[in-house]
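Peer 1: Numbering (my numbering) for the sequence shown: 1 to 623.
Treat each hint with caution, since some may be false.
As the list claims (entries may be wrong) - SDA-like mimics (lysine to any residue), calculated; alpha carbons at most 20 Å apart, straight line:
id	residue 1	residue 2
1	K152	L194
2	K78	S318
3	K76	D315
4	K497	N232
5	K295	N232
6	K300	E233
7	K355	E52
8	K420	V410
9	K573	A583
10	K573	S586
11	K49	P100
12	K623	E569
13	K355	A583
14	K298	L221
15	K611	W594
16	K298	E223
17	K75	K110
18	K441	N518
19	K603	A578
20	K49	G101
21	K295	K355
To be verified - Each pair of labels, with its calculated beta carbon distance range:
id	residue 1	residue 2	range
22	G86	E45	22 to 30 Å
23	V419	L330	43 to 51 Å
24	K295	Q107	35 to 43 Å
25	P60	E440	22 to 30 Å
26	S442	S609	34 to 42 Å
Just so you know, the hints here were simulated from the structure itself, not pulled from any lab data. Even for Gly, the Cβ is constructed at its ideal location relative to N, Cα and C.
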Amino acid sequence: MFERYSGHNHRETSETKSQRDIGRASLPPRGWNSYDSFTWTISEEEFLKNAELVAQRLKPHGYQYVVVDFLWYRKKVKGAYTDSYGYDVFDEWGRMVPDPGRWPSSQGGKGFSEVAQKVHSMGLKFGIHVMRGLSKQAFDANTLILDTTTGKAYEEAGRQWRAQDIGIKERTCAWMRNGFMSVNIKLGAGKAFLRSLHQQYADWGVDFVKHDCVFGDDLDLDEITVVSEVLNELSRPIIYSLSPGTNANPTMAKDVSGLVNMYRVTGDDWDNWKDITAHFNVARDFSAANLVGVKGLKGKSWPDLDMLPLGWLTDPGSHYGPHRNCNLSLDEQRTQVTLWSMVRSPLIFGGDMRKLDDTTFSLLTNPTLLEINWFSSNNMEACSLSSSGKHGLTHHSEDREKINVLETRVLALRTCRDVKANGWSTKVLDNDLEQVCWEEKSNKRKAPFCLYKRAALSASEGEMVNKHQNHRNLHLLVTERREYCFGATSNRKLTAKELSRGSFSRCRSHTNQMWELNYNGTLVNSYSGLCATMDIVKASSGGVRSWLATGRRGEIYLAFFNLNNQVTEMLAKISDIAKAIHAKSSKCTGREVWSGNNLGAIKDSISMSVKAHGCALFVLNCK
Numbered sequence: 001m002f003e004r005y006s007g008h009n010h011r012e013t014s015e016t017k018s019q020r021d022i023g024r025a026s027l028p029p030r031g032w033n034s035y036d037s038f039t040w041t042i043s044e045e046e047f048l049k050n051a052e053l054v055a056q057r058l059k060p061h062g063y064q065y066v067v068v069d070f071l072w073y074r075k076k077v078k079g080a081y082t083d084s085y086g087y088d089v090f091d092e093w094g095r096m097v098p099d100p101g102r103w104p105s106s107q108g109g110k111g112f113s114e115v116a117q118k119v120h121s122m123g124l125k126f127g128i129h130v131m132r133g134l135s136k137q138a139f140d141a142n143t144l145i146l147d148t149t150t151g152k153a154y155e156e157a158g159r160q161w162r163a164q165d166i167g168i169k170e171r172t173c174a175w176m177r178n179g180f181m182s183v184n185i186k187l188g189a190g191k192a193f194l195r196s197l198h199q200q201y202a203d204w205g206v207d208f209v210k211h212d213c214v215f216g217d218d219l220d221l222d223e224i225t226v227v228s229e230v231l232n233e234l235s236r237p238i239i240y241s242l243s244p245g246t247n248a249n250p251t252m253a254k255d256v257s258g259l260v261n262m263y264r265v266t267g268d269d270w271d272n273w274k275d276i277t278a279h280f281n282v283a284r285d286f287s288a289a290n291l292v293g294v295k296g297l298k299g300k301s302w303p304d305l306d307m308l309p310l311g312w313l314t315d316p317g318s319h320y321g322p323h324r325n326c327n328l329s330l331d332e333q334r335t336q337v338t339l340w341s342m343v344r345s346p347l348i349f350g351g352d353m354r355k356l357d358d359t360t361f362s363l364l365t366n367p368t369l370l371e372i373n374w375f376s377s378n379n380m381e382a383c384s385l386s387s388s389g390k391h392g393l394t395h396h397s398e399d400r401e402k403i404n405v406l407e408t409r410v411l412a413l414r415t416c417r418d419v420k421a422n423g424w425s426t427k428v429l430d431n432d433l434e435q436v437c438w439e440e441k442s443n444k445r446k447a448p449f450c451l452y453k454r455a456a457l458s459a460s461e462g463e464m465v466n467k468h469q470n471h472r473n474l475h476l477l478v479t480e481r482r483e484y485c486f487g488a489t490s491n492r493k494l495t496a497k498e499l500s501r502g503s504f505s506r507c508r509s510h511t512n513q514m515w516e517l518n519y520n521g522t523l524v525n526s527y528s529g530l531c532a533t534m535d536i537v538k539a540s541s542g543g544v545r546s547w548l549a550t551g552r553r554g555e556i557y558l559a560f561f562n563l564n565n566q567v568t569e570m571l572a573k574i575s576d577i578a579k580a581i582h583a584k585s586s587k588c589t590g591r592e593v594w595s596g597n598n599l600g601a602i603k604d605s606i607s608m609s610v611k612a613h614g615c616a617l618f619v620l621n622c623k
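Build out the structure end to end from the sequences listed, making use of the hints.
Peer 2: Written out as structure tokens, the structure is:
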């Protein structure tokens with residue numbers, strides 16, 4: 001369905017002039033997002049009511065962004081769902097525009113302009129979710145590409161350029177293949193299309209863009225780079241956010257942190273305890289890599305642990321709006337908001353504001369957490385405090401049950417610069433068969449992991465391939481005869497607790513299933529440009545963690561986290577805390593936030609029985 005384009009004057013407003021030189025995301029952004037409560041079905045009326053309540057209740061506490069999550073352009077009619085085809089609304093230039101059935105103010109080519117104006121009048125900032133590249137519908141319609149410098153169709157080499165000139169149909173989003181595909185940004189027309197998208201968002205008054213299916217396992221560094229360059233050139237300041245971050249790691253993040261303002265570092269987080277525990281190692285690694293609050297796009301950038309799925313919610317992929325309470329216990333909710341704050345993650349609330357209860361409100365607006373989130377420093381997981389015995393922090397459960405640790409071998413994707421990526425080689429078998437094998441460098445006795453290889457499908461076998469790929473692409477199969485090929489990523493969106501193990505599906509020309517084995521022992525995936533490794537993942541069923549940070553007034557923040565299924569006694573010595581933050585051992589006083597207990601003078605150590613899945617947060621003042 002086409003909507004007629006309505007041009008806008010690109011003249012810089014007084015609002016954008018006053019904002020232009022202010023550093024973007026100078027503090028971790030806070031706000032509200034529609035996904036956890038509505039997935040894709042939210043309407044204009046529902047969105048504006050939530051925005052109004054954010055302005056009234058959360059804005060005084062620093063929450064300023066309200067974001068429409070994905071598929072705002074999809075008609076909510078029978079047959080439409082998250083990966084359906086043929087229900088999206090776009091203009092004559094192949095750009096998505098709001099579904100007028102759900103967003104009536106968008107009629108007449110106005111897009112989100114009126115919604116953005118209303119949001120701005122509330123003192124808030126307006127954001128939208130967008131997918132990678134070009135929609136499959138626009139590709140099939142072969143729409144013209146807009147040249148924003150002329151307001152006419154993009155022309156180069158004596159001809160007009162269209163969607164099918166730039167779309168890479170072998171690189172559709174791995175978990176939304178009926179939806180969107182990458183564009184060839186090596187072409188002037190490809191860059192012009194991305195520029196036309198974000199110029200339109202700026203014309204609408206958008207302040208925040210959440211860009212999906214371009215990071216983590218779905219990495220498209222070329223598109224991220226071009227979008228960052230476009231946003232850098234626009235007069236309107238727009239926060240640039242990446243999502244999701246399945247299998248993201250610090251090495252990968254260093255390639256994008258300077259291009260964006262926030263980026264997800266896990267799969268989707270829902271109200272599930274295992275989703276929360278999956279964030280602890282990730283939070284530790286990104287903090288240790290000194291990636292929190294580093295230079296980003298015209299400001300700073302922040303690793304993002306995902307939205308807070310608290311309050312009144314819906315279910316992943318649901319066709320219905322909010323209809324249930326959060327499944328997390330109060331102790332688990334406290335653990336989540338405490339970790340997010342100690343890590344200095346963006347705080348984006350996902351529950352329906354129309355049913356915001358007092359407990360959830362108090363978690364979102366706890367003054368100590370918000371102070372830590374914005375103004376603390378030296379944030380770290382204190383490994384020396386988490387070991388038992390000799391370093392000070394001890395822990396024991398009531399029955400002294402040992403923590404069960406399971407080892408699992410999983411496919412991981414890394415940047416190809418990583419030294420761990422070069423463990424692949426070819427093994428020649430009888431009958432001219434060959435395998436591609438991964439051999440453990442640290443354990444030569446362990447049997448190698450092998451897959452059969454064959455040349456990727458050619459055009460004569462039914463699908464166009466290699467239009468944008470080279471001739472060395474391989475398909476990898478579990479046996480020499482089966483027609484199921486190995487893909488780097490899952491064909492569905494993963495949650496934070498799920499390990500990416502790759503997936504087997506019927507062989508096709510999609511770049512997710514295409515691999516190139518290099519002479520240096522790296523196996524490169526054509527979809528993301530990342531290299532495969534086989535990692536040993538140790539999945540612990542429990543344990544304890546501790547985090548430290550320092551405040552802007554000299555206070556010390558200490559958080560105990562009990563991931564065990566039973567009450568656990570935790571203890572930390574003052575001398576070990578001082579050593580961790582490079583301070584002199586001294587006398588301290590303090591309080592515990594969640595119980596409200598005043599600890600008085602602390603002699604040598606702090607100890608507390610922490611509930612299962614719960615936490616303790618101490619504010620210490622030491623002299």
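Peer 1: So which of the earlier hints does this model not fit?
Peer 2: Of the numbered hints given earlier, those the structure breaks are 4, 12, 13, 21 and 25, listed in rising order.
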